[in-house]
Amino acid sequence: MSLERVTRRLAGLWLVLVLACAAHNLWHWGFAHRAPVTDMLAMLPRDEQRPVAAQATQALADAGSRRVSVLIGGGDWGAAQAAADAFLQALGDVPARHRVGDADQQRWLDLYAPVRQGLMTSQARERLTTASTATLADQALATLHQPVAGPRVGSWAEDPLGLFGQWLAERGQGSRVRVQDGRLMLTDGSDPGCHFALVLIELPGSGFEIGAVRALMPRLDAATRAAEARGATVLQAGVPLFAAAASDQAEREIHTIGLGSLLGIVALTLMAFRSLRPRLLVMLSMAVGLLVATSVTLLCFGELHLVTLVFGVSLLGVAENYGTNYFSARQGLPPVERWTMLARQIPVVSLAMATTVIGYAMLALPPFPGLRQVAVFSATGLVAAFVTVLWWFPLLDGQGRMAPTRFAEWLGSRRARWPSLGARGLTLLGLGTLLLAAAGASRLRVDDDIRQLQSAPPALVAQQREFARLMQAPGVAQFFVVQGETEQALLEHEEALTARLRAMGLGVQAVSDWLPSLRRQREDQALAARRMTELQPVIEERLGQPVSLGRGAAGELTPRAWLDSPASEPMRAQWLGWLGDGPASAVLLRGAESRETRDALAALRLPGVSWVDKVGEVSDLLGRYRVLMIAVLLLGHALTWAALAWRFGRTSWRALAPTALASVLTVALLALSGQVLQLFHILPLLILLGLGVDYGIFMLEQPGRRETRPFLSVTLAAASTLLSFGLLALSGTPALRAFGLTLLFGVFLAWCLTPFFVPDHD
Amino acid sequence: MKRRLALNGLVGLVGVAAAQAPLRLAMAATSATTAAATAPDLAQAVRERLQQPEWLRGEFTQTKKVAGFAKPLLSRGEFVLARGRGVLWRTVKPFASELRLTRDEIRATQGGQTSMRLEASREPVVRVINSLMFSLLNGDVGGLTELFELSGTVKGAGWQLSLTPKPGALRQVLKQAELEGDAFVRRIQLHEANGDESLIQLLNLRPDAAPEPGLFQ
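Chains as they are written, first to last, in the working numbering: chain A, 1 to 762; chain B, 1 to 217.
So that you can see chain A by itself, here it is in the shape it has in the complex (with noise of 0.2 angstroms):
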């Protein structure tokens, strides 16, 4: 049968099975309605992942991701307020909290006030326990008669010591905003003169829906706008500005990296090919690709993470050499040629595709189930875009003869300007990498941590930092998880955990802080009424009357009764409610930030309690993907050999050797240039051997100097890359620009050093 023949019956299977495909992805992302997982964790081995830390970390996140918070002022309050107002008025209908009433105070009493008995602070829990009973009753009188005695609810003779009053004043201390005038007020703690009004603002909706952001955002520059024309700072702070930034900058990048690209791609084809069916053919390629890997992937795990399909695409970008292959290869030529032609690019283009996969299908090999997805995923994409470009590609060329251009001519025979080095040449070569990478090693620089990759603008960080100093809310980012069997096991274990956090001198919001176990509550009762009655006949007779002490209510305080208060609002988010075997709770922490109090925090072990630093976690993950893919790396360039050796033998060194160099000068240029390397520095490396490789076989193929055909083809698929992967150099998101960055050196350098490594045969 001939090679026509075959190729029609193939093409017509293959188009069956990505129909199946495309089917397959609409069912599962259109009416299954499923998302990629985008946690980054899961991609851990499954053996250290911990569901329950992700959840309680979604738990949290969740709780602030829809809340704007907005200071205003930095002056005298009086002027706050004004500014306040003005700022409110601007903001229209959007619903903001700002003014507290007396009944939002009040609720804080409704609850709280007839469990009193049992809500002390830990200093009068330890002075009650040791104090004598004539130091009691020096300080519980000293109260009764200064002028100011300390907060206090309700009469002296209900709590003669002002233990409620002090619970509560240590509540109050959690949070630096008060109460002034019926409204929300912070003052500046190391400029007592420095006041601000704060307003809430909840969006509508749940998450990251930019929708509802989209419409805040103008409300919220004029209602800044009017604040500020009042001599006020504005300072805001929330998740939802930082997706609307982020959202902003992606659509500014499109417009601009993604229309530049498309418009390069699109003239360098016109100008090669005087026509746009190559570019849209190598298009249709990647497209299916995509697919196939996409319903593959599903079908191998069941999901498909966020991140494999982010590294995914990209590998994918190397079928870009194929359908650029073809039609330099086809150009010239008249249709019925096209067959010998394809005869004779198989094993060429077979190659390239083996040892691109080979390389890709080495991340397979850690216990990552992450890097196991991608390497199935654009490993298959690969293949399926191969066999693309093999298979239909004959059929869809049309039926011109595709005359060279005279550009595409030009373009060709510029290979003949590359001398062939000799040995003398490339010792030189190599002694010039060799001095360079040197240079490179002395300032190379390694930073895994994951906050190297955040891209929000800067006047916003800084902003949000002035608003972190002011308000010195804890962080989220890193954070106990306690769990128990029970509601009251989980809170005793969170006061044996808060108890041993507070020796370390660490501030701590904890759920157990407003809601005591029922066994300290208990526990703090009966103290409370033993040291009372010994307090009673002292106070009597130094008052010389009759007097009745604190015989108040004593009911407790459930969970249930908690939670179903308004009062609780504010820690219901660190109440997990079920996860996994039982309740949990999550513990934030101040000043915390210290690599060696976390590791110490870390070490802690208690019953129930875990750590979870998130930060941490993904930042030591990238760290051991980083490393992991340095040793994929030199194993595909190993294995990537031995498949040269293979069909050249001898030379196959030749087809490799430009894109090692490459590679290592990319390093060193990267550290030379002052980036600090992570992984997408250093994934890249992986297509960029997969690309490399190709132009190293496609003209070792044909390796004349007066061969065109070879070098256009690389030329094109290498400005392609470029002009789509490189110009991600621009981008200011920092992965995308590392990784930008990387293929932008490597591919013009592999690219650049190819043709020197061909040997002469003219």
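What the hints contain is simulated information worked out from the structure, not anything from laboratory work.
What you are looking at is a predicted structure, and each value in this text was computed from that prediction instead of being measured.
Just so you know, not all the hints are guaranteed correct.
Dumping the calculated DMTMM-like pairs for lysine to aspartate or glutamate here, alpha-carbon to alpha-carbon at most 20 angstroms [claimed, not checked]:
hint : chain 1 : residue 1 : chain 2 : residue 2
1    : B       : K93       : A       : E540
2    : B       : K93       : B       : E59
3    : B       : K71       : A       : E158
4    : B       : K166      : A       : D102
Could you slot chain B onto chain A? The hints should help.
Then chain B, alone, in the frame of chain A:
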């Protein structure tokens, strides 16, 4: 978050309540023959009569009627008032204790031990309490006008002010206050919202007292 904030307001409010508790003055209605002056004039008239030295020392007696106690609670001691620095309130009888209000904090001590401390940097209401205490003891009409509606009378060298809290947190703990004096404040009477009443009399006032800046460091 909001309710947590609300709580802080509550704490602040309780603090203000505490500040009010002691000051009280059983003030007889002033003579009907004295003409009631309008507010600006009244403020000016009181200001003209007051001496308001940089440093003022004196003694106090306090009579406090508290719900649940059959007999009034008596205490006495001495005080120091230093403009721009603070107030020192030293109770001597029935037992020794000290209260110091400065720009940045309120601190109560007993036998050299701090028994209570509120910092302005953490609780902004501390400044309000301190300014209130100072204004009441010093008769600072400007400071009082910020918190109260004033009415009253002047007669000869003497004056009397009736203070009604403006709407807000203060009104929830203090119903009414009365001040009486001449070149100095002599009597302060407080009617708290919960029914407690305090009368404070200031005696043996010494405006020529030597400054002791160390007291308010």
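(message) For K71 of chain B and E158 of chain A, compute the direct alpha-carbon distance and say whether it is at most 20 angstroms.
(response) Within the cut-off at roughly 17 angstroms; holds.
(request) Take the C-alpha atoms of K93 of chain B and E59 of chain B, compute the straight-line distance between them, and say whether it is at most 20 angstroms. (result) holds (12 angstroms)
(request) Quickly compare the C-alpha distance for K93 of chain B and E540 of chain A to 20 angstroms and report which way the hint goes. (result) Satisfied, since the Cα-Cα distance of roughly 16 angstroms is no more than 20 angstroms.
(message) Just to be careful, I want the Cα atoms of K166 of chain B and D102 of chain A compared with a cutoff of 20 angstroms; is the pair within it?
(response) holds (16 angstroms)
Going through the hint list in order, the structure satisfies each hint without exception.
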